[in-house]
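Chains W and B, in that order, give the protein sequences.
Going by full-length UniProt numbering, the first residue of the first sequence is number 1, and it counts up by one from there.
Going by full-length UniProt numbering, the first residue of the second sequence is number 1, and it counts up by one from there.
Hints in this document: simulated from the structure, not taken from any laboratory.
Predicted model, so just to flag it, every value in this text is computed and none were measured.
Heads up, the beta-carbon is just placed ideally off N, CA and C, and yes, glycines get one too.
Treat the hints with care, since some could be wrong.
[Stated by the list, open to error] Just some of the chain W residues that point at chain B, by a computed CB distance under 8 Å:
| hint | residue |
| --- | --- |
| 1 | Leu54 |
| 2 | Leu194 |
| 3 | Gly197 |
| 4 | Ala198 |
| 5 | Ile207 |
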Amino acid sequence: MSASTASTIVSYTGKKLGSLRSERRWALWTAYASLIVATIIFLAPPFYMLVTSLKSSSEISNLSGNPWIVRAPTLENYMELIANPLFRGFFVNSVIITLCVVAISMVISVLAAFSLARMKFWGSQALATGVFLTYLVPDTLLFIPLYQIVGSLGLLNSIWGLILIYPTLTVPFCTWIMIGYFASIPKELDEAALIDGAGWMQMLTKIFIPVALPGIIAATIFAFTVSWAAFVYPTAFVTTPEHMPLTIGVVSQLIRGDTFAWGQIMAGALMAALPPVVVYAFLMDYYIAGLTAGATKG
Amino acid sequence: MAQVHLRKVVKEYEGGVQAVKGIDLDIADHEFVVLVGPSGCGKSTTLRMIAGLEEISGGEIDIGGTVVNDVPPRDRDIAMVFQNYALYPHMTVYDNMAFGLTLRKFDKGEIKRRVENAAKILDIGMLLDRKPKALSGGQRQRVAMGRAIVRDPKVFLFDEPLSNLDAKLRVQMRTEIKKVHQTVRTTTVYVTHDQVEAMTLADRVVVMNHGKIEQVGPPQELYHHPKTRFVAGFIGSPSMNFIPARLEEVGSGLVVRMTDRAVLPVPAARTARYAPHVGRELLFGIRPEHLTEPHPNEHRPSIAHFEAAPEVVEPMGMETLLHFWVEGHEICARFDPAVEVAPGKLAAMAVDMDQMHLIDPKTDLVL
Ligand SMILES: Nc1ncnc2c1ncn2[C@@H]1O[C@H](COP(=O)(O)OP(=O)(O)OP(=O)(O)O)[C@@H](O)[C@H]1O
Ligand SMILES: [Mg+2]
Chain W
1 MSASTASTIV SYTGKKLGSL RSERRWALWT AYASLIVATI IFLAPPFYML
51 VTSLKSSSEI SNLSGNPWIV RAPTLENYME LIANPLFRGF FVNSVIITLC
101 VVAISMVISV LAAFSLARMK FWGSQALATG VFLTYLVPDT LLFIPLYQIV
151 GSLGLLNSIW GLILIYPTLT VPFCTWIMIG YFASIPKELD EAALIDGAGW
201 MQMLTKIFIP VALPGIIAAT IFAFTVSWAA FVYPTAFVTT PEHMPLTIGV
251 VSQLIRGDTF AWGQIMAGAL MAALPPVVVY AFLMDYYIAG LTAGATKG
Chain B
1 MAQVHLRKVV KEYEGGVQAV KGIDLDIADH EFVVLVGPSG CGKSTTLRMI
51 AGLEEISGGE IDIGGTVVND VPPRDRDIAM VFQNYALYPH MTVYDNMAFG
101 LTLRKFDKGE IKRRVENAAK ILDIGMLLDR KPKALSGGQR QRVAMGRAIV
151 RDPKVFLFDE PLSNLDAKLR VQMRTEIKKV HQTVRTTTVY VTHDQVEAMT
201 LADRVVVMNH GKIEQVGPPQ ELYHHPKTRF VAGFIGSPSM NFIPARLEEV
251 GSGLVVRMTD RAVLPVPAAR TARYAPHVGR ELLFGIRPEH LTEPHPNEHR
301 PSIAHFEAAP EVVEPMGMET LLHFWVEGHE ICARFDPAVE VAPGKLAAMA
351 VDMDQMHLID PKTDLVL
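All chains, please: the whole structure from these sequences, using the hints.
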């Protein structure tokens with residue numbers, strides 16, 4: 001984006017109009033410069049976290065010297081956290097919640113999107129729009145009614161309450177993504193499958209899901225992120241440490257009164273951030289592989 | 001292998017649009033029938049009703065002796081080739097062809113035998129492990145046909161399968177389709193808007209217009225004996241010239257008079273046929289290929305001669321097209337490229353009146 005803008009500006013103002021090579025070099029420089037700036041801005045906080053997590057408590061509280069440099073790197077914060085059963089519990093809770101939420105979200109939204117995109121029934125169009133509109137309602141508005149509902153089900157202060165609630169945040173958007181992907185699959189593809197002898201379910205599992213895999217991965221990443229990083233809902237709905245996910249566990253249990261175990265907080269936050277990084281890195285490859293190419297002419 | 005019968009088939013889309021207005025058609029076993037007509041005439045709709053992809057609003061479709069109105073596509077035992085091929089992008093060529101058989105629970109060996117046989121017929125044996133995106137347009141087209149062949153269905157349905165290919169490949173694949181049909185002999189319904197494709201492929205051509213069948217017949221019959229003005233104009237390229245003319249009696253014979261200067265004698269053989277229409281204003285129709293340079297050795301009495309100055313001359317290589325105007329109507333003539341003609345210069349022309357047509361402008365029927 002910035003590259004193309006820059007190159008146009010040059011061609012309008014520069015004397016060397018038509019000198020494609022210098023124009024291109026200019027564009028590349030601008031692109032690299034802005035990318036480097038962006039990278040520094042985005043990576044500074046995690047880097048600071050890493051630095052802090054490798055320091056001992058005494059080094060952290062020592063205010064002399066450059067805080068960006070570790071003088072005596074130590075893994076003691078990590079060791080203590082891993083040895084702490086509470087922290088391991090947070091981790092397990094987060095994993096259970098996220099796996100369930102991703103599974104529930106994907107099953108519901110793929111089925112919903114398939115029927116909304118392909119089975120033309122009365123009101124399907126309105127329903128599809130409705131699904132998207134629910135996504136536009138701010139989470140914080142749903143907060144109180146959901147608290148009532150979860151409370152009346154007796155699921156407050158339990159990971160099952162969270163597993164019930166998160167899909168209300170993920171399903172609308174995932175469905176919307178999937179409707180887009182399914183709608184972009186040429187109609188002839190289902191007709192060919194229909195003639196080849198496929199029923200609705202086979203059409204979904206054998207044609208739609210594999211062809212729309214990039215969309216499914218995008219939706220999975222979204223559901224994973226929402227569920228792994230949720231903060232407001234667990235803060236309100238979970239009060240005892242053994243039911244807490246990582247996000248609130250780290251902050252609520254590692255801050256004792258006004259003592260902040262900064263080293264452990266940073267180590268915990270970094271370890272919490274690790275699974276998303278792994279998931280992104282692993283799924284991006286699939287995501288980028290354009291699977292729809294070659295379905296039809298062109 | 002099967003016959004297909006359409007009886008008073010109607011398709012009405014919601015909103016009251018009648019795309020197909022009650023057509024009757026009988027297709028024999030092994031026959032290759034081509035539906036042809038201008039865009040929007042209802043060809044695809046008709047084909048899709050045979051396939052079961054569109055509901056039939058009225059009438060009856062019978063495939064191989066069974067009325068299939070309420071039979072879903074997969075139980076109709078048909079195979080269809082789409083304009084955009086509709087190959088499954090995530091499957092290899094082999095799996096694309098095998099998909100229908102796998103769903104029908106054929107055993108592995110039989111599937112392999114059929115796929116390999118089809119691959120041999122279509123000469124795509126070396127592509128079986130590729131994904132569709134690694135194929136050229138022509139190769140995708142072959143795979144789409146292979147998917148139909150392996151099923152060994154009662155009927156093949158083609159919806160403009162060649163229109164995404166470039167001109168040269170189109171001609172090549174046209175021959176290929178004809179060859180395949182001669183090998184497998186499956187009853188085929190083929191939709192196209194290209195009349196050359198229709199003429200070259202079909203045992204019988206069905207010309208459709210505005211949701212109705214205008215005429216059904218072998219290509220030669222449609223060419224020589226069109227029944228309506230639409231068919232006369234649609235079949236043949238460049239299309240037939242139409243000039244308003246009056247049919248008059250002169251002595252014992254008839255003439256068509258376009259202007260005072262342009263009067264052409266009607267062949268004696270047609271006198272009886274046209275006699276009831278003497279004195280009427282009609283449309284005189286003649287194809288460009290029957291309007292040529294005079295041939296010195298041609299002495300048939302039905303050849304009439306006149307002169308005209310072409311305004312536009314188009315050398316096509318194997319022929320030269322001349323365009324001139326009579327009474328505000330553009331006429332096209334087809335000359336041997338060896339004959340020297342120049343725009344604006346009078347050229348001698350010969351009309352083969354044996355090939356003339358007279359059309360009643362009120363009914364648009366050919367007399
Ligand atoms: N789903 C639909 N709803 C309403 N009208 C439709 C629908 N599909 C087709 N039609 C109309 O039915 C008529 C016939 O369409 P059809 O697709 O059969 O034409 P065609 O002969 O195949 O034309 P082409 O050569 O352009 O493919 C057209 O007037 C079209 O607008
Ligand atoms: Mg069509």
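Comparing the hints with the structure gives:
1. Leu54: violated (46 Å)
2. Leu194: holds (5 Å)
3. Gly197: holds (4 Å)
4. Ala198: holds (6 Å)
5. Ile207: holds (6 Å)
Checked against the numbered hints given earlier, this structure breaks only hint 1.
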